[in-house]
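Colleague: Keeping their order, the protein sequence lines are chains C, U and W. First residue of the first sequence: 1, per this note's numbering; consecutive thereafter. First residue of the second sequence: 1, per this note's numbering; consecutive thereafter. First residue of the third sequence: 1, per this note's numbering; consecutive thereafter.
Just so you know, these hints were derived from the structure itself, not from any lab. The structure displayed is predicted, hence computed values, not measured ones. Check before you lean on any hint, since a few could be wrong.
Using 27 Å as the maximum straight-line C-alpha spacing, the simulated DSSO-like pairs for lysine-lysine come out as follows [claimed, not checked]:
| id | chain 1 | residue 1 | chain 2 | residue 2 |
| --- | --- | --- | --- | --- |
| 1 | U | Lys217 | C | Lys385 |
| 2 | W | Lys99 | C | Lys359 |
| 3 | C | Lys66 | W | Lys99 |
| 4 | U | Lys44 | C | Lys384 |
| 5 | U | Lys168 | C | Lys437 |
| 6 | C | Lys132 | C | Lys153 |
| 7 | C | Lys85 | W | Lys99 |
| 8 | U | Lys240 | C | Lys385 |
| 9 | C | Lys384 | U | Lys217 |
| 10 | C | Lys359 | U | Lys168 |
| 11 | C | Lys359 | U | Lys59 |
| 12 | C | Lys217 | C | Lys153 |
Incomplete in silico selection of chain W near chain C, CB under 7 Å [to be verified]:
| id | residue |
| --- | --- |
| 13 | Tyr177 |
| 14 | Thr253 |
| 15 | Leu255 |
| 16 | Gly256 |
Beta carbons: idealized from backbone N, C-alpha and C, even for Gly.
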Amino acid sequence: MSASLSPLPALSHPALEAVEITKRFSGVVANDAVSFSLEPGEIHVLLGENGAGKSTLMNILYGLQKPDQGEIWVGGKAVRLDGPKDAIQQGVVMVHQHFMLVPVFTVLENIVLGVEQTRGQWGQLGVLERAKPARQIQALADQLSLQVDLNAKVGELPVGVQQKVEIIKALYRGARILILDEPTAVLTPTEATELFELLRRLTQQGLSIVLITHKLKECLAIADRISVMRQGKMVGTVYPQQASESLLAEMMVGRKVILQVEKPLMQAGAPVLQTRRLVVWDDRHQPAVNGVDLTVCAGEILGIAGVQGNGQTELSEALTGLRSPAQGQIDILGQDQTGASPRQLIEQGLAHVPEDRGKNGIVKTYSLADNAVLCTYYQPPFAKKGLIRPGAIARQATQLIQEFDIRPANPRVLAGSLSGGNQQKLIMARELSRGAKLLIACQPTRGVDIGAIELIHRRIIAARNQGMGVLLISSELDEILALSDRIAVMYQGKVLETLAIAEATRERLGCLMAGMVQS
Amino acid sequence: MADVKQKPFITIGRQLITPLLAIATAMLITVPIIGFTLNWDWAKVAVTYGGLLDGALFKQYAFANTLVSAIPLMFTGLALALGFRTGVFNIGASGQFLMGATCAVFVGYAIPLPPLIHPLVALIAGAIGGGLWGAIPGFLKARFGSHEVINTIMLNYLAFFLQDWLVKNPMKDPSPTIVRTPEILATAIIPRFYDRLHWGLAIALMAAYGVGWLLSKTTFGFELRTVGSSPEAARYAGMKIGRLTVLSLTLSGALAGLGGAVQILGVDRAMPVLYSSDYGFDAIPVALLGQNQPIGVLLAAVLFGALRNGSDVMQLRSGGAVSKEVIFIVQAVILLFVAAPAIVRWIYRLKLPKSQLETAPLTRGWG
Amino acid sequence: MEEITGFLKLALITATPIALGAYAGILSERAGVVNIAIEGMMLTGALVAQLTAMYLYAPLQAAGIPAAEIASLCLGVIAGILAGALLGGLHSITSIRFKADQIISGTVINLLAWGMTGWIYQRWMTATAPTAPGTFPRIPIPGLRQIPVLGDLLFNHQPIVYTMLLLTGVIHYVLFYTPWGLHVRSVGEHPRAADTVGINVERVRYISTIVGGAIAGLAGVWLTLEQVGSFTLRMSAGRGFIALAAMIFGRWTPLGAFGTSLLFGLGTALQIRAASLASASAGLAMIPTQLYQAIPYLLTIIVLAGFGGKATPPAASGQPYEK
């Protein structure tokens with residue numbers, strides 16, 4: 001492992017090198033003369049916040065975007081990448097954060113897509129060859145001791161397996177250089193460890209790997225070298241031995257970051273949310289939530305930890321009236337609200353920060369002001385006798401903009417033009433402005449910058465301090481640990497265990513997230 | 001970033017560039033078409049083209065007649081605009097127009113009522129007829145998720161067959177030789193005030209004001225627009241999507257039906273077989289050219305009314321060689337340019353800033 | 001028995017343009033381009049085919065070419081197909097290159113088709129037009145024609161009916177058994193995934209939409225050169241839209257669309273036979289002819305309500321691809 005660390009630039013060419021890459025998008029500089037080099041056989045982590053320019057750089061190295069200036073070198077030769085096809089030809093393959101797999105295709109079809117073999121002379125209109133590639137893929141999988149059913153539909157496989165399919169797909173294309181974009185976002189800690197072991201095996205076979213992440217801990221655990229980007233610029237490259245979490249965070253953000261929010265002890269009050277034996281079906285009529293009992297009290301934050309796709313989405317939808325539960329009961333503020341509509345729940349005192357802010361949380365084509373009253377537009381003072389009162393709405397928006405530091409501070413700008421962080425602040429501001437008693441916050445900081453994360457975390461704590469009950473659903477373990485008073489772990493539609501924050505260690509939560517219950 | 005501090009004057013100018021260029025280009029395109037038809041006999045081309053202008057504007061009472069032709073388009077255009085603003089693509093305005101006309105003509109000839117009350121009742125009947133015809137695809141969309149584009153087209157045909165049967169059987173005027181309904185009673189007529197121009201114009205203006213008021217000033221309009229812009233967000237905010245979908249298609253249908261009623265009571269006074277018209281399809285470019293804003297729709301309707309009248313005279317003056325259907329080509333080109341501003345930018349090498357959300361689709365897929 | 005065979009045969013014949021239209025829709029929608037312009041492509045194909053056959057018939061005769069009728073008809077078919085392909089190209093340029101709303105782009109083409117056909121018909125195909133060569137003759141297939149019942153039902157048709165039957169299998173094979181089909185479907189389901197493995201998303205969409213347009217053009221050719229022998233204004237009469245319903249009900253598969261088209265064909269056959277049915281019994285005579293005419297449209301609505309909601313269209317259908 002340490003062999004690849006010794007810097008011997010004169011003897012071997014870097015496997016992949018980006019030289020002074022600049023890329024602009026309609027005036028915004030996404031990459032500002034960025035240089036980056038990947039040594040053969042190393043795992044090089046690229047660290048940065050959302051919007052720091054990591055993905056742009058990788059898209060350029062993969063031929064998906066063309067740089068305005070700069071050069072790309074592969075194995076010591078300058079190359080021109082007009083598309084992913086060129087990159088693949090050079091042995092560079094990317095595994096995207098959102099898997100590039102066609103859900104209705106089989107594993108085999110996904111792996112051979114674009115590099116099919118045919119029988120006969122008809123080219124692309126010949127009969128698709130399945131048996132021969134199947135043998136080759138099986139051999140590859142065996143070599144890495146991976147188990148995959150080639151005839152399974154990809155959409156029906158767990159995400160962890162889908163990721164393995166992505167990696168096999170890359171190797172089948174003869175990848176020598178792998179680019180992995182946020183590969184652990186959807187994995188349990190155990191699965192992440194497995195993935196890292198697999199990556200290590202791959203480097204031993206001579207592959208070089210770029211791994212993009214914003215998670216500091218895993219970065220220190222896996223990297224041979226770490227490069228940090230901020231606001232389109234390369235800040236620096238360090239060895240993990242020299243780095244610490246706080247140093248990396250400071251490099252990422254450009255200032256000292258307080259990783260922990262202060263949280264006074266609170267006496268929990270009466271229950272504001274209780275579920276009993278709650279069962280919720282997913283879109284395919286399978287039980288996604290399977291008999292969940294939860295209690296959230298006034299003045300406490302209950303965190304729901306778990307890997308994405310273990311029923312959290314369906315749970316939040318059932319609690320907010322967007323999906324009717326199949327069985328069980330939901331009590332809010334002591335009243336049975338099973339099957340109540342979103343409107344009824346909102347009027348009962350529910351605030352909801354939805355998981356997908358672009359889809360549910362805001363109307364992109366509406367002004368910031370209209371979005372600020374999206375749930376209360378019909379209530380006084382925003383409306384009177386069915387007529388809208390724009391003055392009152394504008395005043396409300398101006399106030400929320402000030403309180404939550406939303407930028408640009410203009411109630412008339414379209415919500416769709418705001419950055420992710422500001423959109424999320426807008427939603428948070430709207431939901432906390434209604435005097436609600438219960439907040440259901442789903443992935444409240446997904447894809448937002450650290451500044452917005454700090455503000456949102458402070459606001460959630462402040463709401464709790466004022467006696468609001470909070471159900472926090474997040475797949476970021478750090479967020480759950482930082483905010484929660486109690487933590488429930490969801491696995492395959494069930495709550496495996498609920499822990500007080502004092503007894504919740506990262507290791508214990510990790511085991512529970514993987515479905516292992518300690519006896 | 002959306003720069004909102006722009007001077008409003010410039011903003012309006014920018015908004016007008018695309019429609020104006022669209023109209024100009026579409027008109028230019030007809031020149032070679034007409035030229036080719038007439039074997040490049042430029043004298044004839046000039047006469048033909050002059051016919052278009054005369055028929056639209058300059059002949060005696062031409063502008064009044066242009067407005068008469070524009071009135072039904074104002075209604076169907078508003079119907080489409082309301083639909084687009086609230087997330088439904090109502091291609092069924094033709095059928096709704098027809099059902100509105102059928103209901104209005106029935107009230108007009110069969111139910112004796114005092115003046116003033118009579119046209120009012122007939123108009124309401126027309127709006128209800130069109131509204132119900134629009135409610136059907138609304139219900140089918142809300143309940144079964146079937147796409148309103150196909151269903152409204154099918155309902156156009158069904159309206160046509162239903163009307164055909166009604167006019168040939170129960171509603172047939174027993175006396176005359178041509179197959180049509182009886183003429184409406186004198187009490188039901190919407191009177192004229194200048195040549196053929198009738199007070200239906202005032203009703204159209206009120207409808208335009210009403211649509212604008214409903215959409216921008218009321219909470220109900222806010223709900224309709226939210227469902228149109230983002231159904232998921234509307235559901236999240238506690239709005240009832242299914243109900244709103246049915247209502248928006250019903251309202252849209254009612255506007256088209258009202259148009260049919262106004263046309264019967266103000267212009268035709270009896271309904272023949274084959275009372276089908278292209279008011280429903282013309283409404284698509286009218287609404288889009290008017291940028292789905294009531295005032296824009298009114299102006300676009302006047303333009304299309306002018307083209308319609310002009311094309312009749314044009315066909316005549318060309319000695320029948322140039323079909324008046326050429327006007328569909330003009331409409332197609334206008335619609336194309338308005339729907340894809342990128343084409344206008346490309347042809348004219350304009351450096352117009354791309355509006356932030358231009359790529360947001362007006363309509364959605366089959367889902 | 002003979003009456004039933006005749007009825008089924010009529011159903012198969014009237015199903016032909018609907019099935020072809022549905023295949024056109026399948027090809028472009030499988031690649032992610034919604035196509036409501038099939039109606040306009042059909043109408044244009046019908047006109048151009050007729051126009052070509054009409055104006056080439058006399059010169060070919062004069063040139064002493066044997067079987068000038070068939071020759072002019074064949075050239076008409078080619079022209080009709082090309083016209084459809086041309087409109088397919090226009091639809092793909094506006095929706096792929098200029099990223100226009102695909103339903104509006106389709107509406108544009110329908111309007112354009114009405115305008116163009118109206119214009120050309122008025123000027124060149126009314127009073128002064130030359131004689132048309134008529135329609136294609138039936139081509140019984142030797143040997144197979146002699147099979148009792150089936151022989152007449154399946155193997156005694158005009159050429160476009162055969163082509164439709166053939167295309168059902170060909171499109172099924174291409175979509176589900178070849179690399180090209182894999183590419184088309186991946187582009188329609190997850191264009192980004194296709195792009196990242198080096199498939200040229202735009203190229204696949206262009207080709208699929210253009211080939212689809214060609215097939216829609218052929219559906220139109222059936223109207224003029226195989227069914228009627230002359231052109232009338234808006235003679236496609238909504239078949240392009242019914243084809244879309246057949247595509248949806250057939251779940252975007254050629255075999256399913258073929259089956260649904262047959263169903264619609266039965267409805268149309270019923271409507272055509274309405275008169276003779278009415279003369280057969282007084283009870284049937286009570287049913288207004290308009291009701292028979294309405295059957296295919298009613299059927300479409302019912303079919304969409306019953307099954308459309310449950311069918312899953314290609315995931316990326318209707319969305320322009322942004323890199």
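Colleague: If a hint holds in the structure, say so; if it doesn't, say that too.
Modeller: Now the hints, each set against the structure:
1. U/Lys217 / C/Lys385: Measuring from Cα to Cα gives roughly 11 Å; hence the hint holds.
2. W/Lys99 / C/Lys359: Cα-Cα ~22 Å, so holds.
3. C/Lys66 / W/Lys99: The hint holds at about 21 Å.
4. U/Lys44 / C/Lys384: Distance ~63 Å between lysine 44 of chain U and lysine 384 of chain C Cα, so the pair is violated.
5. U/Lys168 / C/Lys437: Violated - the C-alpha atoms of lysine 437 of chain C and lysine 168 of chain U are around 65 Å apart, more than 27 Å.
6. C/Lys132 / C/Lys153: It holds: about 19 Å lies between the C-alpha atoms, which stays within 27 Å.
7. C/Lys85 / W/Lys99: 24 Å, holds
8. U/Lys240 / C/Lys385: With a Cα-Cα distance of about 19 Å, the restraint between lysine 240 of chain U and lysine 385 of chain C holds, given a limit of 27 Å.
9. C/Lys384 / U/Lys217: Given pair lysine 384 of chain C, lysine 217 of chain U holds - Cα atoms ~11 Å apart, limit 27 Å.
10. C/Lys359 / U/Lys168: Judged against 27 Å, a Cα distance of about 51 Å means the pair is violated.
11. C/Lys359 / U/Lys59: Distance ~54 Å between lysine 359 of chain C and lysine 59 of chain U Cα, so the pair is violated.
12. C/Lys217 / C/Lys153: Cα-Cα ~34 Å, so violated.
13. Tyr177: 6 Å, holds
14. Thr253: Interface hint status for threonine 253 of chain W: violated (13 Å vs cutoff 7 Å).
15. Leu255: Nearest chain C Cβ about 17 Å off; hint violated.
16. Gly256: 16 Å, violated
Comparing the model with each earlier hint shows violations of hints 4, 5, 10, 11, 12, 14, 15 and 16; every other hint is respected.
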